[in-house]
Amino acid sequence: MRKTTPSHDFIRGIWNENPVLIQMLGLCPALAVTNSVVNALAMSAATFFVICCSSVLISTCKRFIPHEVRISAYILVIATFVTLADMLLQAYAPVQHKALGAFIALIVVNCMILGRQEAFSAKNNVFRSLLDAVGTGIGFTIALVMMGGFREILGVGAFLGFPLFGPNFEPWVIMVLPAGGFLTLGFILLAMGYFEQRKKTRAEAAAEASS
Amino acid sequence: MSDQGLFSIFFSAMVVNNFTLAMFLGLCPFMGVSARVETALRMGLANIFVLVLTSTSAWVLNTYILETVPYLRIISFIIVVASLVQIVEMVVKKLSPVLFRQLGIFLPLMTTNCAIFGLAIFQTNRGYGFFQGITFAVGAGLGLTLALVLMASIRESVEFSDVPNIAKGTALVLIIAGTLSMAFMGFAGLS
Chain A
401 MRKTTPSHDF IRGIWNENPV LIQMLGLCPA LAVTNSVVNA LAMSAATFFV ICCSSVLIST
461 CKRFIPHEVR ISAYILVIAT FVTLADMLLQ AYAPVQHKAL GAFIALIVVN CMILGRQEAF
521 SAKNNVFRSL LDAVGTGIGF TIALVMMGGF REILGVGAFL GFPLFGPNFE PWVIMVLPAG
581 GFLTLGFILL AMGYFEQRKK TRAEAAAEAS S
Chain B
4 MSDQGLFSIF FSAMVVNNFT LAMFLGLCPF MGVSARVETA LRMGLANIFV LVLTSTSAWV
64 LNTYILETVP YLRIISFIIV VASLVQIVEM VVKKLSPVLF RQLGIFLPLM TTNCAIFGLA
124 IFQTNRGYGF FQGITFAVGA GLGLTLALVL MASIRESVEF SDVPNIAKGT ALVLIIAGTL
184 SMAFMGFAGL S
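One line per chain: the protein sequences are A and B, in this order.
Its first residue numbered 401, the first sequence is counted upward by one per residue in the numbering used here.
Its first residue numbered 4, the second sequence is counted upward by one per residue in the numbering used here.
Calculated directly from the structure, the hints in this document are not laboratory data.
Please note that the accuracy of each hint is not assured.
Below, a list of computed lysine-lysine pairs in the DSS-like style, where the Cα atoms sit at most 25 Å apart [stated by the list, open to error]:
| # | chain 1 | residue 1 | chain 2 | residue 2 |
| --- | --- | --- | --- | --- |
| 1 | A | K599 | B | K96 |
| 2 | A | K462 | A | K523 |
| 3 | B | K97 | A | K600 |
Computed far set for chain B versus chain A, every beta-carbon distance over 12 Å [to be verified]:
| # | residue |
| --- | --- |
| 4 | D6 |
| 5 | G8 |
| 6 | F10 |
| 7 | E41 |
| 8 | F52 |
| 9 | T66 |
| 10 | S79 |
Even for Gly, the Cβ is constructed at its ideal location relative to N, Cα and C.
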């Protein structure tokens, strides 16, 4: 494995290997609950809590987990923290808990969390696992809030519940419906592909000019 | 206990609230194994099988064990799903090694397939009984298969078409999925 610096562990999850936009992990919550920014934030907060806690716990206990049953052990740890998150949300944010419904429980099967445990926490120390988890969590939050923002602004004409465009705005209802989720992510990826390609073409042009 | 009719549960799970296209469950195999119709169909059938087993075990757990300890629900469901997937994996490996190779990583990944875990959770939240649960599972499984096969057939036909470079890959799949999902919205009036 390549040696990395702690700051690289942190940045990687946010940008270079953004779980949703680059690695296509955790798509289920990213598409299902992003019909408003508030829901996206609540979901991100719950996921953030779960990924940080399980990363710390798993990297602490990695010596005691037998290699053969490690996946089951990770899943159990994650499930425990999801149960905690579920109860905490129910107690302190009952409105969001109701809006997210079964999708809180579905954090357990978010491949992103299990992926980070297997790929990182199981091999690295507590501090770096925490950095990695925080980075991944922030990357997830950025992607979700971005999608929630697009969908809420276009589909309802509001941001965080505040109307933006005045009474004559005709909401683009499809964006808050399931189809809008697929389309929004599709178009975000298209835009990313466009910038990526432009960067590459420019780099090639620069290389040609200098040679 | 819910008193919803069996047919309405079946139809709602299959098309109106299609697991993949309306509820975004089971997206990993939807993106991953939808390149060939043949594989997609088999993946769908394997899914139906696991879904029905999950529904039955979730019902047993709920009725006889979890009454007294509802906070253990998430943990016990995930254990049941994980062991079921393990069993199915062994069965498939024994009966059809070819299919086992085709499905590859997506078979063990069924453990973290939201559709299967989601089915158990939704079934519990809605208070379905035994037969309602089975109907729900079959409907959801057929819905998944339908979505997978539709997606695979579209992808097979766009494979050689001339799309812009930036749209190749996931972006194109997502936009096709969005269009399919829009088509499925037409069923919304039926519920």
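Do the hints match the structure? See the list:
With a C-alpha separation of about 46 Å, the suggested pair A:K599 and B:K96 falls outside the 25 Å cut-off, and the hint is violated. The suggested pairing of A:K462 with A:K523 holds, with an alpha-carbon distance near 8 Å, which does not exceed 25 Å. For a cut-off of 25 Å, the pair hint linking B:K97 to A:K600 is broken: about 48 Å separates their Cα positions. The beta carbon of B:D6 sits about 21 Å from the closest Cβ of chain A, which is more than 12 Å, so the claim that it is off the interface holds.
Annotated as non-interface, B:G8 keeps its C-beta farther than 12 Å from every C-beta of chain A; the closest such distance is 22 Å. Distance check for B:F10 against chain A: the nearest CB is about 23 Å away, which clears 12 Å, and the non-interface claim stands. Every CB of chain A is more than 12 Å from the CB of B:E41 (nearest about 23 Å), matching its label as outside the interface. Non-interface call for B:F52 relative to chain A: holds, since the shortest CB-CB distance, roughly 18 Å, exceeds 12 Å.
B:T66, annotated as away from the interface, keeps every beta carbon of chain A farther than 12 Å; the closest lies near 19 Å. With a cut of 12 Å on Cβ distances, B:S79 falls inside the contact zone with chain A, its closest approach being about 9 Å.
The structure is inconsistent with the numbered hints 1, 3 and 10, although it conforms to all the rest.
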